[in-house]
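K.L.:
Sequence:
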Amino acid sequence: MIEKVFHQIWINDEQPDLSDEAKRLRDTWIEKHPSWVYRLWNLDNLDFEPRCAGLLKQCQHPAQMADLLRMEILHKHGGVYFDTDFECLRPFDDILEGVEDFTCSEDSVYLSIGLLGARRQSPLFESVIRQFPDRLGLKPVNVETGPAFFTGCVLRGGFKNDLTVFPSHLFYPFNYHTPNRESVDTSNSYAVHHYADSWKKRVPDWRRALSVAKRILIR
Numbered sequence: 001m002i003e004k005v006f007h008q009i010w011i012n013d014e015q016p017d018l019s020d021e022a023k024r025l026r027d028t029w030i031e032k033h034p035s036w037v038y039r040l041w042n043l044d045n046l047d048f049e050p051r052c053a054g055l056l057k058q059c060q061h062p063a064q065m066a067d068l069l070r071m072e073i074l075h076k077h078g079g080v081y082f083d084t085d086f087e088c089l090r091p092f093d094d095i096l097e098g099v100e101d102f103t104c105s106e107d108s109v110y111l112s113i114g115l116l117g118a119r120r121q122s123p124l125f126e127s128v129i130r131q132f133p134d135r136l137g138l139k140p141v142n143v144e145t146g147p148a149f150f151t152g153c154v155l156r157g158g159f160k161n162d163l164t165v166f167p168s169h170l171f172y173p174f175n176y177h178t179p180n181r182e183s184v185d186t187s188n189s190y191a192v193h194h195y196a197d198s199w200k201k202r203v204p205d206w207r208r209a210l211s212v213a214k215r216i217l218i219r
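Here the sequence shown stands for residues 1 to 219, numbered as in the working numbering.
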């Protein structure tokens, strides 16, 4: 069973709190799930020692840190993780009945990691954590810690039949390249990804974030 808790990650020293737009989108989740708990994570409020601590200081930008941390947060606490540019359109309770771990495929090639769900101590997510690379910065982020990495973990670990992969229209009714997004029919969608790419707008902050990551190693 998936715990009724939402998780987000925000790592930005210059703007420690969510942006106004991210708050607006976050509130759509909270309003439609009054019985759920919401938690916003950063490098300073983790309630566990991350197994990826040694990798955090190697990350190419804060979004890659979030790639790693979301896997560990979901494994420890269970629940649903969503990126800060996701809007909720309707409650998730009905589609999560009987679901233990879930994702979606945005492009029909890779399993997406922008919206994920897991049961606490999920064997699948334990396997993903065990497959974290030894070093970062040698390959594109997508391959090292993103959707390509996650997809490979699922296939190599033999978890293909244990993971619920929802149809793309439920969470990704349009993609990054879709023109006239406002005209896309979302009547059957549960969420919408707005492709904000906020990490690209705050790349200069990543070195400060890495200095915080280094402090984790000496706690």
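Simulated from the structure, these hints should not be mistaken for lab results.
For clarity, every value in this text was computed on a predicted model and none was experimentally measured.
Check each hint, because a few of them may be wrong.
[Unchecked claim] Distance condition first, Cα-Cα at most 25 Å in a straight line; then the derived DSS-like pairs of lysine-lysine:
hint : residue 1 : residue 2
1    : Lys76     : Lys57
2    : Lys160    : Lys57
3    : Lys23     : Lys160
4    : Lys57     : Lys32
5    : Lys4      : Lys57
6    : Lys4      : Lys32
7    : Lys4      : Lys160
K.L.:
State for each hint whether it applies.
P.N.:
These are the hints, each one checked on the structure:
no., hint, verdict
1, Lys76 to Lys57, "21 Å, holds"
2, Lys160 to Lys57, "31 Å, violated"
3, Lys23 to Lys160, "34 Å, violated"
4, Lys57 to Lys32, "36 Å, violated"
5, Lys4 to Lys57, "31 Å, violated"
6, Lys4 to Lys32, "12 Å, holds"
7, Lys4 to Lys160, "24 Å, holds"
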